[in-house]
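Q: Protein sequences appear in the order of chains A and B. In terms of my numbering, the first sequence opens at residue 1 and continues consecutively. In terms of my numbering, the second sequence opens at residue 1001 and continues consecutively.
Calculated from the structure, these hints are not laboratory results. Idealized CB from N, CA, C, for every residue including glycine. It is possible that some hints are incorrect.
[Stated by the list, open to error] Within a straight-line C-alpha distance of at most 20 Å, the following computed EDC-like cross-link-like pairs (lysine to aspartate or glutamate) qualify:
#1 A:K223 with B:E1085
#2 A:K201 with B:E1090
#3 A:K202 with B:E1090
#4 B:K1099 with A:E218
#5 A:K199 with B:E1085
#6 A:K201 with B:E1113
#7 A:K202 with B:D1223
#8 A:K279 with B:E1085
#9 A:K223 with B:E1096
[Stated by the list, open to error] Beta-carbon label-pair distances, calculated as ranges:
#10 B:K1116 with A:T365: 46 to 52 Å
#11 A:T365 with B:N1130: 54 to 60 Å
#12 B:L1127 with A:T365: 25 to 31 Å
#13 B:N1250 with A:V14: 37 to 43 Å
#14 A:A29 with B:R1177: 53 to 59 Å
#15 A:R2 with B:R1207: 50 to 56 Å
[What the hints assert, rightly or not] Beyond 10 Å from chain B on every Cβ pair, some chain A residues (computed):
#16 E155
#17 P213
#18 T292
Here's the letter readout for the chains.
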Amino acid sequence: MRPVAIITDFMANVKMWYRSKGTVFWAIAFPVLLMLLFGAIFQGQDDVTITLYVQDMDDTDMSEMFISSLEERLNIETIPSHVETDKYIADNNIRAALVIPEGFEDTVHMAYQGSNDTVSLTLSLDPTRESVNGMIRGVVAGTLQGWNNEITGAENILVYSEESLTTREFKFIDFFLPGVIGLTVMTSSIYGTIFRNTKYKKWGILRKLSTTPFSRWEYLLSKMLFMTFISFVSTFVIIIVGVVVWDISVIINAYLFVIVTSAAFAFSGMGMLISRFVKEEETADSAGGAVTFPQMFLAGTFFPLEMMPAYLGQIARVLPLYYVNEGLRDAMIYGNNTSAMNNTAVIFAIAAVLFVLGAAMTTWTE
Amino acid sequence: MKPVIDIRNLTKHYGDLIAVNDISISINKGEIFAFLGPNGAGKTTTVEICEGIRKPTSGSVHIFGREFSGRSKSIRERIGVLPQEYRSFERLTVKETLKYYASFYRRNRDIDEIIKLMDLDDKRDELYKNLSGGLKQRVGVAMALVNDPDLVFLDEPTTGLDPRARRGVWKAISALRSEGKTIFLTTHYMEEAEYLADRVAIIHNGRIVAEGSTHDLILQNGDGYTVKLHGCDKKHMVSLGWKAKVAKNNTVTLHVENPNDITRILSKVVKEGMIFESMEVRRANLEEVFLNLTGETLEGEDAE
Ligand SMILES: Nc1ncnc2c1ncn2[C@@H]1O[C@H](COP(=O)(O)OP(=O)(O)OP(=O)(O)O)[C@@H](O)[C@H]1O
Ligand SMILES: [Mg+2]
Chain A
1 MRPVAIITDF MANVKMWYRS KGTVFWAIAF PVLLMLLFGA IFQGQDDVTI TLYVQDMDDT
61 DMSEMFISSL EERLNIETIP SHVETDKYIA DNNIRAALVI PEGFEDTVHM AYQGSNDTVS
121 LTLSLDPTRE SVNGMIRGVV AGTLQGWNNE ITGAENILVY SEESLTTREF KFIDFFLPGV
181 IGLTVMTSSI YGTIFRNTKY KKWGILRKLS TTPFSRWEYL LSKMLFMTFI SFVSTFVIII
241 VGVVVWDISV IINAYLFVIV TSAAFAFSGM GMLISRFVKE EETADSAGGA VTFPQMFLAG
301 TFFPLEMMPA YLGQIARVLP LYYVNEGLRD AMIYGNNTSA MNNTAVIFAI AAVLFVLGAA
361 MTTWTE
Chain B
1001 MKPVIDIRNL TKHYGDLIAV NDISISINKG EIFAFLGPNG AGKTTTVEIC EGIRKPTSGS
1061 VHIFGREFSG RSKSIRERIG VLPQEYRSFE RLTVKETLKY YASFYRRNRD IDEIIKLMDL
1121 DDKRDELYKN LSGGLKQRVG VAMALVNDPD LVFLDEPTTG LDPRARRGVW KAISALRSEG
1181 KTIFLTTHYM EEAEYLADRV AIIHNGRIVA EGSTHDLILQ NGDGYTVKLH GCDKKHMVSL
1241 GWKAKVAKNN TVTLHVENPN DITRILSKVV KEGMIFESME VRRANLEEVF LNLTGETLEG
1301 EDAE
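Only chain B is shown next, with the shape it has when bound in the complex (with noise of 0.2 Å):
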């Protein structure tokens, strides 16, 4: 099967910089797909070359099996798009903002349909101004459906946003899933990347430095077990013979293979007679391969 969106050795400068870096990623029809970078990593420019919003320096696109520029109508007729930090037109309704996106495509999904899909019901009728943040986004993910797109790209759908609402924003992604829309989602919230994806990539400055399910990622790069120790002396941790990997606000973090190092350090601990605020266990995630690939955290400090 052809994949739905294929991008080959894509490169971006900007000046000196090199914002994307020889990136090559192929999504296949139905699949949820993530990047999950840092800030500044490069996802907006790869997704935007995708969009045909900006022009790659070298490599390609492909989408829909034919190479995409911008420039075709009956690609742009297929596809659906929010754009990172995007704000509508103030003084429109919800139903009314849709209505106004559904007037540009030919083919077109019935607006009542979409708003229940993204549970804006009560506020169908509602100013966008007056939305909350979380809102605003659903409308953006609606906004991306009204022509009922075969590929649907979400540039940070829930950046900024307080946990609640990143719920409710995943859960109307999540309800896209069902319909086998392929979904091409950019993140920097590892937790995003997990709940919603179905393949990561994780880029950073500009390349890709691995790719697969997450639960591959954590099996080839970070398996094990994290112990975050909250409110203690780091120097005392040193000591214990375990190598602290990250230290920050008197946290210390431990990564540790073997389930049973988890009891060595406990015992350890109580016996030193330590003293700490809270202790956390729990196995390996995204956020530990990608500090074990990157050596910084997705928040952007160094690991020490």
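This is chain A alone, in the form it adopts within the complex (with noise of 0.2 Å):
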């Protein structure tokens, strides 16, 4: 055994890898970015904003002490009691309500007085929201259970039932699809822009495509081309995954092709953007990690943006595969047609304003 020869291959090691900026992204700031996105998604729940909505059927000092108990743990807004609930939250969007009815008061002082009577409100919750959906049964629980103890003691006097939101039974795998898609498109898009432009480059290809007749509009048009085939491959690959192994039904509509389209066009933009500045491959993976994640983890791939902090959720909205994700959902799961155009055209946006920069910013020659 040499041991000259193990530390020295061991220092060039060392000074090869600090020397590459990609590893030094995958080793450092790759768990860097990870621990401050997740600390940051889950730190102190208690500044996660989850909204609730309460329809007050009851309209009385009790039920509004009622609800101003609630409003310490969660964001309350209001449905106008005479409305009708059901449409009310389909037409809002609303994703998780609480319905006191009428009587509500009188049944607490009906108990105060021994009567054993008993009151249930009506907590409706989106059912693809797990994780969010856990929170607000914590807190209406909690709060009816203080209730309970206050006025009786023991008897539960205040209960609720729980309804699910939507007619077609949802599970998380419904919320999950959609942002595999999105999360799909997005890397292969992003991945595969910076990659081929800079081996392109260094290759010389661009240098020799500059002296022939095809223009660099033509040359981007092709591979924008290449780029919506791929992600279309994609997305029917995991939609058929999907719909075979985990028996999901899906809506194919217009809304689905524009989205995946806008957001082949808009990551690819963003690639162009990024290897206008990036050389080297090394250096083009590290910020193609860069963009990739933080989009991955907050526009809400994983799980809804209501459950991290508010400031969390303001930057999300700031990222594109953010309306990808909403927009896919929208059309392929809730069959919300409203909210996915609404999406759509937002994507559609800024696949346009991405896409012209990149293009404008992809050179050929010096």
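With the hints in hand, could you dock these two chains into one complex?
A: Here's what the structure looks like:
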């Protein structure tokens, strides 16, 4: 054994490692990023603003008091008492609602006089948001428990029953599938574009192309055709696995096509912008990671935005992937066309801006 | 007759560096013109300005009689380019690569014919990434021919190749001569310039230091003979009375004008009892021309 050789080899590896930007990203920046992101996402769930819509049919001092005790833990919005609950929920895309029935105050008063009558509140929750639902359930049940103890000491006078907000039975995988599509289109478009551009630049292919009659715009167009094609291949593979293996019912409509195409353009544009400033392949890898990872975790791919502190939710709203995810969910799973249309419009606009910027910044020559 | 390419007072600055300094050249139809110079001389900069890839700081380039800055599609239709250190798509075959580039042009030359001309017959269906360096460069030249161009730029087509592979590329380029193509070639191998070019321009630090046919350049700047003694002591040689031009690895290079001097050197060496491993005598070539003009060798060492 030659310890000198081993030490020299070790030192050579350390040197090469810290000189290569790619490994430094994956070994240092990436874990730091993950720690910061997840720390921020899960830090003090107290900061999280979870919204619960409350319809107060009782409209008494007692019901108002109950609402204010919920307000200590949740962000409360009001559903007017005169509207039809289900329709209002559907129209406003509400995902958690509590209805306090008429007679709430009366029942409490009667309980003080020894009655055993109960009053049941209705809690309607969106089943795809299980992690958020757990928190809402906890707050509602806890608050009811507190009131019950106060009023009777033991008897459960105030109870709640739970309803699923949608007629269809959703599972987490339903929430997840559109996220997987968004994520795949994002990573393949961004990385594909960055790697192709840096490689072709280094190999002289871009210089060669610039001397042919093939124009930059024709080139970009054919590349976009290709990226879109790849995006649809991924999309359909994901849908097929979702349908066949997980029995997800997926709605396929025009929104799906527009969103996936827009996403391919938006993320390819982003890739072009990055490769404009990144010269080496290794740096390209890091730059790609730096753009895709925050989006992956902050744009609601794996869990709903409501689980995160409000300021992160605000950040999500500037990430293109957020609109892709939301739009795809509305279009494919919830069948919520109004919301799908809004998100599609946003991602379409983002795609137009990013692609035009990226294309304008892509140069073949010096 | 109008020159195919006419470079007038071309200058290119990179910040403070003057990479190309007031160069003027014109190349006529059917000519193989070689730009000979060491690393960093400004060859690629000049050629890529001609190809429209880089912008000059001042001066102009006329191709087929029209000023060209890279914009004109009709000029791009008629030129063929092999960039320096070019690498093609790894997972396309030779034939697919050529078809790919051919699709950009209105005018096409039969791809099988190009494959034959570049002697790539048995590699036509091989993936580019599996080809040897020499074959890759031949594909590169082939790729510059798909539009049957009137003007071909080849930037260091044989750099990094072993001598055999280099000869293969030379043969391929020679095949173009018989077709009357105009070729603008850059190289830092003087044998390459000697073998291929009708006319050579020697470029050094961004300036052209000499221009003409290989024959003329040698006549004007380096006529005579070169005597090289390998594996001997330089001090001895200097004491012989001739000026030793270069000494490296115990090799002494002497330049003599007169053939009689060769015999005089030999007899002196024998008389002094000097020991050497081998001796080489040849007529002066472009290497001496370069040395005489710049005081450097093409490989970049300073002469003594
Ligand atoms: N894009 C650039 N930015 C700054 N300097 C450059 C650039 N391109 C070339 N140079 C410098 O200009 C000089 C000429 O370079 P050029 O590539 O034209 O030389 P060359 O003769 O082709 O050399 P080689 O044989 O190495 O290819 C060199 O000193 C080089 O470092
Ligand atoms: Mg060069």
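Q: Compare the structure with each hint and give your call.
A: So, going through the hints one by one against the coordinates:
{"no.": "1", "hint": "A:K223 with B:E1085", "verdict": "violated (24 Å)"}
{"no.": "2", "hint": "A:K201 with B:E1090", "verdict": "holds (14 Å)"}
{"no.": "3", "hint": "A:K202 with B:E1090", "verdict": "holds (13 Å)"}
{"no.": "4", "hint": "B:K1099 with A:E218", "verdict": "holds (17 Å)"}
{"no.": "5", "hint": "A:K199 with B:E1085", "verdict": "holds (13 Å)"}
{"no.": "6", "hint": "A:K201 with B:E1113", "verdict": "violated (30 Å)"}
{"no.": "7", "hint": "A:K202 with B:D1223", "verdict": "violated (42 Å)"}
{"no.": "8", "hint": "A:K279 with B:E1085", "verdict": "holds (17 Å)"}
{"no.": "9", "hint": "A:K223 with B:E1096", "verdict": "holds (18 Å)"}
{"no.": "10", "hint": "B:K1116 with A:T365: 46 to 52 Å", "verdict": "violated (33 Å)"}
{"no.": "11", "hint": "A:T365 with B:N1130: 54 to 60 Å", "verdict": "violated (31 Å)"}
{"no.": "12", "hint": "B:L1127 with A:T365: 25 to 31 Å", "verdict": "holds (29 Å)"}
{"no.": "13", "hint": "B:N1250 with A:V14: 37 to 43 Å", "verdict": "holds (40 Å)"}
{"no.": "14", "hint": "A:A29 with B:R1177: 53 to 59 Å", "verdict": "holds (55 Å)"}
{"no.": "15", "hint": "A:R2 with B:R1207: 50 to 56 Å", "verdict": "holds (53 Å)"}
{"no.": "16", "hint": "E155", "verdict": "holds (75 Å)"}
{"no.": "17", "hint": "P213", "verdict": "violated (5 Å)"}
{"no.": "18", "hint": "T292", "verdict": "holds (25 Å)"}
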